[in-house]
Structures are given as C-alpha cells and as structure tokens.
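Colleague: Generate the whole structure from the sequences, applying the supplied hints.
Listed below, chain by chain, are the residues.
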Amino acid sequence: MADTSRQRFDESFLKRLEYLHMVSRKVVTGRLRAERRSKRVGSGLEFADHRDYAPGDDFRYLDWTVYARMEKLLLRLFEEEEDLTVYLLVDASSSMDLRLGETSKFDHALRIAAALAYIALANLDRVCIVPFSNRILGKMAPTRGKNQIFKVFQFLESIEPGGVTDLKSCARQFVHQNRRRGMAVVLSDYYDPQGYQDGLNYLRYNRYEPFVIHLFDEQEVNPALRGDMTLVDCETGTTQDITVTSRILEKYRALHTNLSEGLKRLCRKSEVSYFQTPVQVPYDEVVLRIFRAGGFLK
Amino acid sequence: MSLAMWGTLLGSVAAVITLMYLLRLRRRRVEVPFGPLWQQVLTEKRSNRLFRMLRRIFSLLVQILVVALLLTAIAKPEWTGNWGVSEAEPATQRDARHTLLIVDTSASMAAQDGPTNRLMRAQKEAKRVLDNLPSDERVLLATMARDTVALTEWTENRTILQDTLATLSVQHTGTNVNAMTRFARFATQALTNARVVLFTDQAFPPVAEPAVKSLDLHVLSVGASDSSDNLAILDFKVRSHLGNALQYALYYKLKNYASVPVDVGVYLLGDEQGKATTRADFEENSPLLPPVYHQLGPGEERVFEREEIDLPGSRVALMIRPKTTSDFIDVLPIDDVAFATVPQRRDVRVQLVGPGNLFLHAALETASNVTVSPVSLPDYVSTKGYDLTVFDRVVPSSKASGNVLYVNGKGEQAPFKVLGDVKGGALRVPASVRTHPLMRFVKFVDLAATPLQRLRRRKGDRIMARDRKGNPAILAHTDTLSRWIAIGFDPVATEWVGHYSFSIFFMNAINWFFSEDVRMQPPQSLAREWQIRLPWSGVDSVGITTPKGTKIEALVDRGSTLAYTGSEVGLYRVQPPEDNQEPFVIAASLASVEESQLDARGQYPAWEAEPVAVSQDEVRTLLDASLWQQMVLLAMLILLVEWFTYHRRWTA
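Respectively, the protein sequence lines represent chains P and Y.
All residue numbers for the first sequence refer to our numbering, where the first residue is 484 and numbers rise by one.
All residue numbers for the second sequence refer to our numbering, where the first residue is 33 and numbers rise by one.
Careful: at least some of the hints might be erroneous.
[As the list claims (entries may be wrong)] One-sided excerpt, in silico: chain P residues whose CB lies under 10 Å from chain Y:
1) S578
2) K588
3) D700
4) P706
5) V715
6) E718
7) T722
8) V727
9) Y735
10) H739
Simulated from the structure, these hints should not be mistaken for lab results.
From the three backbone atoms N, C-alpha and C, an ideal C-beta is built for every residue, glycine too.
Modeller: Set out below in structure tokens:
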C-alpha cells in the first residue's frame, strides 16, 4: 500500500497538479469567472430578482423606485455569494480494484480525485471526499485551502477497496450525512447490479449537482478471453460457465456499450455533466479534458 | 487383429479419451468486474440449448472417430468377401511377399581377395537389396556358417534389419549347407509367397537342385572371380616321441589351393607360461625352432613330420607364411595357423619284484620318466607307494592291489589261473588288438615262446598275444579297481628281449596303466562338431573360456563327453569341476579342406533387383497395401478440421 501510495502521489504528481491548476485557470478564464456563484439568493451585491414584500422583511431592501411607479411593495433580491463544496464520491468497490492491465480503475480514480481536489482547493472551494461501495466507507471532512492537499492524499491512501457497488443506498446515506449541498463528483465504473439511475437521481433530487465520471478499462470492453472458462464476479463471487466465442464477445461488447450509452443518455437527459474515460488515458490528460469540456469550474 | 481385440482396444481408448475430454472441460477461472453483463449474454445464447449440447459433444465424437480410424488402420483390414472384420493379420502375413536374406559368415568369407573382404561385400550387397525391396515386403535376416541362425523376425522394419546387418562378423567355422536349407525350408514353410536370397562366396559343396527350386533360392555371389589363392594348414598334431619320452613328434598337413607352386615358411611357436590362447598371443613369443621351408606344387597336399622336438609348456601354435609373389597372394589368413596341446609326461615309480632281471629292468627304464626299484620277494611288502609293480617269475603270498604286471608267475594269490604248461610256439598278436595301446608298434616276427603257461581266460581278460593253437600268451585285465597284465612265458628265455618291440611293449604297458595317451593329440576342427572326452566324470556341465575370453557354460554328455563346438580359432580352456584339478585345454583350428577352398562352386539362379518402374498392377497393389496409410491420413485430416473448428469456436 505504501509503495502504491508513493507511486500515486509522489513529487512529480504534485508538480503535475500545479501545472493542471495553472492550465485550468487559463481555460476557465476565457469563458467563465474564476469564482463560482451559488444559486442561492441572499445578501450579495449583484441584483438577482424582485419578490413581493412580506411582513417582517427588511425595509432596507424595498425597491422604492418600483413602488413609486407601480405602488407595489417589492423587495430587491441579491445573489448570495458563497464558497462551493465539492464532494468527490469515489467508488471503492471490488470491481474498481480489479486490475486487468497496468493500473486499476481504483488507482486511476484516486489520481483523478486528487487532481480535482487540488484544483478545487486552489480555487478556494471546500473539498470533501467520500469513498463508497455498498455503503459509505468513510469521509474526509470538508476542507479548504491549498495546503490541505496532503491531508487529501493521506485520506485517499487510506481507502481500502472492497465490497459490492450500491450507488442508490450510498447516495441516500450520503445525502443524509451532508446537509450542505454542492457538487457531487461521482467517480465510478457504474457496475451496479441495482442500477445507477436511482443513485444519481437521488443526488439530483436533493439539490446536489452530480458530475459523473465514468471509468472503464479497455480490456473490460474487449476482453482477451477465448475458450471454456468459469467467470467469477469479483464483487459477488457468483460464477458462470461459459465458452467464449467471437460471437459471444461481440454480444458482450454490445451490452457493455449499451450500459455506457444508457448512463450517457441519463446524464444528458438530466443535464448532468458526464465524462467517460478509460484507465489507459493518463489522469492529467483526463483532467484537462474535463476542464476543456467545462462544467467542473464555473 | 481380431474383431474382439479391435473392439476391446477401441472401447478402452474411447473411455480414456472421454475421461480426458471431461478433464478438459474443467474450466479455468477468470475474474470479471461485472458478472451480470455476462449473465445477460448467456441468457440470450441459451435459447438454442439442444444445438449447443450437440456441438459440445461433437468434439468428443470426432476424437473417438479418429481413434477408430487409427485402430482400424493398425489392424490392416482387408476385404475377405464377407462383412465384418476378419482375422486379417495372419492372412496378410501369410500372403505378403517374404524374402529370407541369408548372409554367409563362414571362415571363407574372411578372404581378403578384393578391396574389402567377402563378408563386407556381402553386407554391402545385402544393404542394397534391402533398400530396393518394397517397403511392405517382410524380411528375415539370417547368417549361414556351421549353423544357420535367424537374427531377426519376419519384419518390415528396415532399420532393425540394417542395424543387425551391420553387426555381422566372420565366424571361424565351416559351412553347413544342409543346415541352411533345413532352416530356409522351416522359415518359409508356412508362407505362400517366399523366396530366399543367399549372399555368399559359394565356397561350399553345391546345394542340390531340387532344394534350390523348392526354396526359390537366389544367390548373390561376392567371391572373387579371378583369384582365390590360398595355402592352408589342414591338420596339426603333437604326440610324445616313442623313443624319447621327453621329446615330441609333430605332424602337419599343408595344402596349396593355388594353380602355381608356392614357397612357404613354417614356424612353431610355444608358450611356456601356458596362457596364450590366440595367434596374437603366440606371436609375442619367439619361434621354438628355426623355421623350415617347403615348396608345394599346384594343388599339392602334403604331410610333414618332425621328430624329437623339445616343447616347453603345454601348448603350441604352427604358423605358415607363404611367400607372396606376383602369381600368388594368400587371401585367407584364418587357416594359416593351427594350435595343439602338448601331451604331458609324468614320473612313474616301478617296483620290480623278483630274483633280478637286467633285461626287464632295462626295458622298464627305457622311458626316462620311469624309475625302477628292484626288490626281492622276501623284501616285498606291498604295492603301496609304487605306480606299478612287476612280479618277475614270482607271485606274492598275498593279493597285490593296484597296477600289477606278472611275468611268467604262478601262484594262488595271482589274479589269473595257470592250468599248467603247454609246449607253446610262435606268438601272434590277434588282429583285434593290433591297435590296442598295449600292442601299438609291437610285432612278433619269428618269436616262439616255449614252454608257455596255459593261462585260463576269464571274464574281463583280453588276449594280447597267443600261440598258433590259441593259447593266451599275454593277458590284460581291466576292472574298476585295478589293472593287471600277465605274460605267460619267460621273455628272457626267448629272443623277444633282443627285439626293440620288447622295450616298446613295456613302455606301452606303462602308458596303458596310467592311461597316458601316446596318440597324436588331435586339435579340434571348427568345421565339425566336437565330441571330447573330458578327464573328469560325473559332470553335467562345465565352464568354457573361449580364445577371446568369452565365458560359456557347456553341457557334458554322459558325465564326461563334452558336446560343444567353438567358432573361434585358438585355445579353449575348460574349467575343472573342482578347484584342485587342472583345467582341460582344447586346441581348435579351422582345419577344413572344404572351407579353405575358396573357389565358387555350384550354379544357382542369380538375384536380380526389382525394376524401379512399377506396373499398373503394382500400383494397385501399392494402393491396396497403403490403405491403412490413407486411413491414417484421413484421421490426421479430421484432427486438423477438429482443431480448426475448435479454435474457431465452432465446436465446444
């Protein structure tokens, strides 16, 4: 574990994070502001809207100009500025930890999570990391400030993967544990026997902003399997005998594509940011593509 | 292969394949990240379950089919007119072409009358014939010498035949053609399509023409057509010299087979240590005598004798070295050497009891190995301590045991009875005993014995001399306990004492008493079977060490007759049954008039190689013969298809 951790978050990793931070600022500045506005209306400086006066409201916010013209008491509303909380929900189920090639999805997810956390911390946002499988496996309390990155690393390294994926129950548990809304970046392979739809919708319905990062391994899509074998589900341990032929492989690939496309369609339909990446693509390139695609920083 | 055997074999192998097939279905375990996806795949595929199961066992069925084809191929089936698998194998063996290859390995095949010797040429020819025979022709390889021996079974395996052929070597024996024909008849009697090919120099008496035809005998001659010059020792013997017991006499017979006169040097080699067994061993020693030279005319056979020769040791070798000229080259070295054992002499102690008899005393001491002790009758005690006791005109008061010679004696204790005296007269040696060891070289000419005791002949007595009326003059008796001789007249009173035969008779008598063989010591010929009387009795078998050191156990017939025949020129050592006994040595030489004659004799059908081009019938035969090969090919093709479909996942 220690060796793996050193490989994951070594000095060169930190340098790359700083580079990513710099690049992300350039990318975002062109289109959006560096700070993120919440949708909450409050005591900020920017006018947002009017509403009818209700007894008890602060008279200071009455728009007298409108009253003069229309003889109606309307209250001026301003956008409330607040710091964003970025929740990084990392899937730590057994399927994420299955290593088919040089790296596992879990390792990849940790590196991406670390990179996103660093950029969010550097952007003065709060970062909270929540690993999960069939339950919430732990939680790094929301933290802020660039210097907290090592705490992030430490927490990420301490996650022990295992268990079955159950996004729905985990989402429910997550929502109940965190009253402060924010962006919920879900890094997972979405291999959920119960289905991922309910979990993502649950986040949405509770006013979180899901950001779906779909991780997969190319060898999962195109497995190098041939002949008679017994397939063992790495999460449930259930087995099934199969003779893998080219036709069966084609069928499997079609089903896998359907799974990914279904997730993508759901996200598009729900206006949820969706990003798909194989583990064979380096994490820094993944992060940059996320920035270029937009949605993570506004 | 019978149908039952075929079925049993197929069932067994099919069971093994099924077991291996089931074992093959033990699948490897592979971890996948999301089992439900595969589950979904399989759910859709299971719709055609029956077809899937059929495909699953298709692979097994194909493999069993392949095995069935292979077994059928091995069984070599043939169509017999009836359905079913017949007892095809014996019929095939019987009807297939069979060739019996016999290579002559007799001594004449060692003749170096070309760049290589005859055997090497025969091996080369046999190899060529083997290479040209059809691959399915069954061949048996045998050698012909004194015995004809099969070296292989009937086989199509050319590798075994070639390997065996390469190991052949010349045997120093004669050629027994009758044994060869008997063997060939026996080997081919159950076969309908057999022939015999003999690789030989034809240096043996011709085979009878009916035998040649019945055996379909073909000869591939490897003898030289132009030269077969040879000078051979046909006989070599050694005996004790009759006049000098310490010396020996040699006898040897040489023959010149060439058509030109040949000068030859004769060398006698000895071995004092008594260990030499081969020509090479003797050649390490210097010749015992200066060589003598003879000249033999074309085809001349001559006997040579050499008398009074000192021979140290117990074995000698005679070697000839013919002079090589432009007209003569001796091509066969095996018959240029002969071996013989030297008769051993022993010291004999003789007790002469009587009033004194210088004639008798002198005659007894003629042999230098005899010591005579004169004793008067009163001083006589017993025969104990003496090898022979001679009672001269007296008879002891008690019965004498052991070897006893009575001269004109008469008495109650004598083993013979004297019925009185007769007038006697001229003595004669009966014709029946003229070759008896006691009477060898003894001849009575104008010898009259008078008076003559009238000896009563009893059972076991043998008359060695008698007068004209038949009265025994000399009796000899042998039984299991003792030997005795009775002379029924006084030699001193006759002219016999003045004859040389008087001394010879007593020397013969001493040799007879001690069974010392004064005959020529005949070396055994490797061309004939040996029947050798051993000096021991009651022996079932003996160990024999051949000249090259090979140890053999040989059977002994009737307790003392060795029935064994060697195949190497040299000296054989027969191990005694008890450690304190001296070993018996047998000298063996080729000594064969027939084998040393290297000319080809007889006319036989020559062997002609099979034509290379095959006719239409032969093509059909080849096709029929290779049916099993085609079946094997078909099996291999099916295996290939099965392998391809398996890896394409068409079959499970």
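Colleague: For this structure, which hints from the list above don't hold up?
Modeller: none
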